[in-house]
Each structure stands twice: as structure tokens, then as C-alpha cells.
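**Student:** Turn these sequences into a full structure, and let the hints guide you.
Be aware that the sequence shown starts at 1, since it is given in this note's numbering, and climbs by one per residue.
None of these hints come from the bench; they were simulated from the model. A few of these clues could be false.
In the DSS-like style, the derived pairs of lysine-lysine whose C-alpha atoms are separated by at most 30 Å in a straight line are [what the hints assert, rightly or not]:
(1) LYS102 to LYS152
(2) LYS63 to LYS102
(3) LYS88 to LYS152
(4) LYS152 to LYS63
(5) LYS88 to LYS102
(6) LYS63 to LYS88
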Amino acid sequence: MPSAQLLQTAADATERDPREFPYGYLTGGAVLLVSVRAFLWFRTIDEMIETLLEVEPRVYNVKPGHGLEEYQARVRPILAQVRRQGFKESLRTEFAPDADGKFVVDWWGTYSDLRAGRGALGCQLLDEFLGGSRRGPCLPAEEEDEFIEFLKTCRA
Numbered sequence: 001m002p003s004a005q006l007l008q009t010a011a012d013a014t015e016r017d018p019r020e021f022p023y024g025y026l027t028g029g030a031v032l033l034v035s036v037r038a039f040l041w042f043r044t045i046d047e048m049i050e051t052l053l054e055v056e057p058r059v060y061n062v063k064p065g066h067g068l069e070e071y072q073a074r075v076r077p078i079l080a081q082v083r084r085q086g087f088k089e090s091l092r093t094e095f096a097p098d099a100d101g102k103f104v105v106d107w108w109g110t111y112s113d114l115r116a117g118r119g120a121l122g123c124q125l126l127d128e129f130l131g132g133s134r135r136g137p138c139l140p141a142e143e144e145d146e147f148i149e150f151l152k153t154c155r156a
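**Tutor:** Printed below as a string of C-alpha cells:
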């Protein structure tokens with residue numbers, strides 16, 4: 001797939017509504033100071049895994065014959081465990097694509113995890129979004145559209 005198509009594929013995933021595409025991850029370049037983080041959303045875990053295996057490394061210029069095969073061989077078993085066991089933090093840490101020097105996955109899970117304030121990132125994002133008006137662990141339903149827009153622009 002040409003690089004322009006890869007970038008468009010990734011861009012499309014950032015614009016999806018996570019209520020319809022509930023599986024996602026937060027990613028960006030391995031160098032935090034020069035990288036923008038973005039949430040990418042998918043209809044199924046399998047679509048997400050395929051993107052992490054095939055698209056994401058290529059977006060960061062990991063090419064066949066120059067590290068792609070090694071990356072895929074290293075992460076394929078981890079992603080297979082995600083498919084079987086779900087989004088465990090220990091698997092995300094083991095996945096750690098920043099070890100390959102190109103990109104990071106700071107979070108992976110479901111939109112409902114974020115919306116409910118589960119995990120450190122979910123709690124952080126709800127606190128940032130709602131500020132002092134947070135009343136309980138979950139996002140109020142009337143705030144959901146604005147929260148989704150916030151996720152598109154936040155710099156978690």
C-alpha cells in the first residue's frame with residue numbers, strides 16, 4: 001500500500017465515532033516532544049490488530065527488509081494474546097513498539113473504558129474534560145458528543 005494510502009487509512013481511523021467503532025488505541029511517534037498523539041478507532045479487535053501489525057509500522061516508515069519483518073515477528077504473538085485475552089496492560093507494555101524506535105501505543109482498549117473513566121488514562125481524560133464538574137466515575141450522557149470531539153484533539 002503506498003504511503004499516501006497508509007496515512008489516509010490512519011487518518012480515517014482518527015475521525016471515526018467510537019460509539020460505532022469501539023476498539024481503539026492511542027498512538028504517536030516515539031519521540032514525545034515532536035509527536036502528536038491520536039486515538040484510532042475500529043469496529044473489531046481484528047481490524048485494530050491488523051492495523052497495528054500492517055499499517056502503523058509503515059506509517060512510521062518501517063519497511064520490508066528494513067525492520068518490518070522483525071517487528072511483525074515480535075508483536076504477532078502479543079497481538080494474538082490480545083485477541084484471546086483482551087486489552088491487558090501487561091500485554092500493551094510487552095508490545096511496546098517504541099522499543100523499535102518509531103511509534104508508541106500509550107493506551108489500548110474500548111471507548112466504554114474511557115467513557116467510564118477506567119484505568120489511569122480514562123480517569124485522566126475525564127478529569128481534564130469535565131474539570132471540577134465531574135460527579136462520579138462516568139461521563140454524563142449529555143456530554144458524550146463533546147467528549148468524542150475532545151478525544152480528537154486532546155494531547156494525552
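**Student:** Hints first: check each against the structure and report whether it holds.
**Tutor:** Hint check results:
1. LYS102 to LYS152: 22 Å, holds
2. LYS63 to LYS102: Holds, at about 11 Å.
3. LYS88 to LYS152: 23 Å, holds
4. LYS152 to LYS63: Given that 30 Å is the threshold and the Cα spacing comes to 28 Å, the pair holds.
5. LYS88 to LYS102: Distance of about 22 Å is within 30 Å: holds.
6. LYS63 to LYS88: Cα-Cα ~28 Å, so holds.
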